[in-house]
Amino acid sequence: MYSEKVMDHFMNPRNVGEIENPSGTGIVGNPKCGDIMQMFLQIEDNVITDVKFKTFGCGAAIATSSMATEMVKGKTIEEALKLTNKAVAEALDGLPPVKMHCSLLAEQALKEALEDYFTKNNIPLPEGFTKPNVEEDED
Amino acid sequence: MDRIYLDNAATCGLLPEVVEAMQPVLAGKPVNASSVHAFGRDAKKLLDEAREKVAKALGAKKEEIFFTSGGSEADNWAIKGTAGIKGRGHIITSAIEHHAVLHTCQALEKQGFQVTYLPVDEYGLVDPKAVEDAIREDTILVSIMAANNEIGTIEPIEEIGAICKAHKVPFHTDAVQAVGHMEIRVHEMNIDMLSLSGHKLGAPQGVGVLYVRTGLRLQNLIDGGAQERSRRAGTENMLGIVGLGRAIELATENMEKNNAYETALRDKLIHGILDTIPDSRLNGHPTRRLPGNVNVCIRYIEGESLLLLLDMNGIAASSGSACTSGSLDPSHVLLAIGLPHEIAHGSLRLTLNHLNTEEEIDRTIQALKPIVERLRAMSPLFNQQKGGSQLV
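Protein sequences appear in the order of chains A and B.
Once you know that position 113 of the first sequence is 113 in the working numbering, the rest is easy, because the numbers rise by one and skip nothing.
Once you know that position 264 of the second sequence is 1264 in the working numbering, the rest is easy, because the numbers rise by one and skip nothing.
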């Protein structure tokens, strides 16, 4: 049911862990639904120099967390903000339809972490900043 | 890598003795038991023999045994067939039934029937007193499973049968998981209808049985030819039926031996998991459970990732997590025994049979610990529990 890329990222997840005193962190999902994703960002000079995650969830949830961290590492904030759940799913060679919400969770966790960074540094939210609403999707 | 199969409650492979018994059909001789010619008579003989074997295993008469396409059809027929005769009324079932019963009852609710879904206790047991209290003037059927497919809890069907008899309400039991693992005497236990399935016993998929007590009226589910005494049409699935006959005969002959063997392995597996994995719990009753059933919850991790990693280690299991059920809710059975969602998501079902070995159980216990540690290391919930940085 999963692509080889999903299985690879599930079996060998990249960037698992935590960052102490991160520039920004976001945690999304809830244990009731069976998925929780937490993302940690280290940001220097507008560039994401390091990123880590922790995830409680199914194979797709772990794989999308891993892929999303890979896709934003070394990118500027502006570039990272353009990451969509579809891009994460495509980079994994697709996800089963019932698992698409996992990729939404990854996008949301990243945006929560960026919002946390903006708030901590008194940076106004960029124009058009939106976060996908995972809760609605899950109902 | 030798794979270990611990998903026997989902299906088990064909038993070699069953394959052997099916040879006359597999050899390619035409077997239509309705035909008048010699081929037909030979087929009729095979059919009768299989029916007798099933009847003997259940303590029923052979004319009370009706072959179906499986357990789901048998459940549907028992419930919809009763509803069809009565036209209206009230049905009592439990919250932990198989979907073949639950969804059938829900379908009848849409047609105006009323259904009581009895709760269960923390072990998954239905209280017979609660069945009695729920019986009303217009109750047309009680359907309570003999043993639960997820957590293995064995229900007090004999007591429930006695209550139903006293109140003159027909009693159906879904015994798909129970047959071959517990002594069932339908007449003594006041069971009016019983469903069973072939592929849980080592026969092929696509064959099952509904036992219907003599004199009980039931609307047909499948109309057509005169097969099964005009109560279930369709040319008989001879391969499946012959296989089922042999499988149930074997299961009955070996029940005592297999139960003792499986119970010992089961308890070894349960204790092996609970002793080596902190924050794990057994679901279902510690002793009133099917000999081959192990169901545990492992906190802070999610069932599907656990299954994928077990599979990578050559171990086949199942889970009641949302991700494996195809919905966003975890198993209705685990919720009914009072588990919160987040714990139910971390469930693991390992179901063994007499073909599993002690060495396989040891390997499973050994494989589980590092898998759980690995998933917990990346779980934000585990982190939170252990006092790490936390935001939830």
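Since the hints were derived computationally from the structure, they do not count as laboratory data.
Quick reminder that beta carbons are idealized off the backbone N, C-alpha and C, glycines included.
You may find that some hints are simply not true.
[Claimed, not checked] Listed below are the simulated DMTMM-like cross-link pairs for lysine to aspartate or glutamate, each with C-alpha atoms no more than 25 angstroms apart in a straight line: (1) Lys5/A x Glu1373/B; (2) Lys32/A x Glu1020/B; (3) Lys1061/B x Glu1049/B; (4) Lys1268/B x Asp1279/B; (5) Lys1080/B x Glu1228/B; (6) Lys32/A x Asp1362/B; (7) Lys32/A x Glu112/A; (8) Lys1369/B x Asp8/A; (9) Lys1045/B x Glu1020/B; (10) Lys32/A x Glu1373/B; (11) Lys32/A x Asp1121/B.
[As the list claims (entries may be wrong)] To spell it out: a stretch of chain A is covered by chain B in this simulated footprint if at least three of its residues, at any positions, have a beta carbon under 8 angstroms from a beta carbon of chain B; those stretches are: (12) 7-13; (13) 73-86; (14) 119-128.
**Prompt:** Checking against the hints above, which ones are violated?
**Reply:** When the structure is compared with the hints, numbers 2, 6, 13, 14 turn out to be violated.
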